[in-house]
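Please take these sequences and the hints and turn them into a complete structure.
Chains as they are written, first to last, in the working numbering: chain H, 91 to 187; chain P, 2 to 174.
No lab work stands behind these hints: they were computed from the structure. Idealized CB from N, CA, C, for every residue including glycine. Hints should not be assumed to be uniformly reliable.
Stretch-level coverage of chain H by chain P, calculated; a stretch enters the list once three of its residues show a Cβ under 8 Å from a Cβ in chain P [stated by the list, open to error]:
1) 94-107
2) 113-119
3) 139-153
4) 156-164
5) 168-176
Residues per chain are reported as follows:
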Amino acid sequence: MEHGLILAGMLFCIGLAGVIVRRNIIFTLLSIEIMLNASGLAFVVAGSRWGQADGQIIFIFILAMAAAEVSVGLALLLQLYHKFKTLDSDTASRMRG
Amino acid sequence: MNEVYYISATIALISTLMVITRLNAIHALLYFIVSLFSVAIIFFILGAPFAAALEVIIYAGAIMVLFVFVIMMLNLGPEAIEQERQLFRPEVWIGPGVLSFVLFLEFIYVIRNYGRHLSGVAVIGPKQVGIVLFGPYLLGVELASLLLLVGLVGAYHLGRRRRSSGLRKGEKQ
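Listed below in structure tokens is the structure:
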């Protein structure tokens, strides 16, 4: 039980470090997926500990949310690439104010 | 069953660390798929076989295929062929291959000893999950379907190629 939560925390921290360190937008999206997966792991571990199905249901919701998020994120990535011809997310850091 | 858990956890940590340190996006995707497989085995050990199946089918099957499509759309031309050629070199696939092979051995071990080792943990099968999902959580299912619809429409709107000259779609020159 505790070991599962520790593993989920470590995976989440790795994903967070990836979001902070990497500037390529593909790797940013992948790190967000890592973090979502780690939170789903924490829910399933907790559901298994209590012997209830609720943890797996929240995992299914996280899965649906990840699918919607990644489709919109990849469409944004394509727009960024067509506009700036690069995948560096720092090129889009300025607002047109 | 503890050894299997610790081996899977180690593989998950190693492959996830490799994901955020790779330079090539395809290599990172390979390692991330290995990480998802190891998490699926952990789900299976924890008595959640339905979540394990969904992890493999939807995460490793559908979402990663989206990533592969987009990465393959981005680099067309001769450098893409060079990249394909690089994918056949052993140092690219030997890392994920070894990790997946260890996972495969674990998978066979878990399947063969399914009844004996899971005695401490209550298995929550797809039937119980479905009963609770379409009972108390019915509103959540509806909201998730709405979210998926919004994601579909949003991705279509964002992914449409804009005309540079401002002409309508059906007009000529």
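Check of the segment 168-176 of chain H against chain P for coverage (Cβ-Cβ below 8 Å, three residues minimum): With 4 residues in contact (Cβ-Cβ under 8 Å with chain P), the coverage given for the segment 168-176 of chain H holds.
Would you say the segment 156-164 of chain H counts as covered by chain P, given the rule of at least 3 residues with C-beta under 8 Å? With 8 residues closer than 8 Å to chain P, the segment 156-164 of chain H meets the three-residue bar; holds.
Does the segment 94-107 of chain H contain three or more residues whose Cβ lies closer than 8 Å to a Cβ of chain P? With 7 residues closer than 8 Å to chain P, the segment 94-107 of chain H meets the three-residue bar; holds.
8 Å C-beta criterion, at least three residues: is the segment 139-153 of chain H covered by chain P: That given contact holds, which follows from 11 residues of the segment 139-153 of chain H lying within Cβ reach (below 8 Å) of chain P.
Can the segment 113-119 of chain H be counted as covered by chain P under the rule of three residues or more with Cβ-Cβ separation shorter than 8 Å? holds (count 4)
Checked against the numbered hints above, the structure violates none of them.
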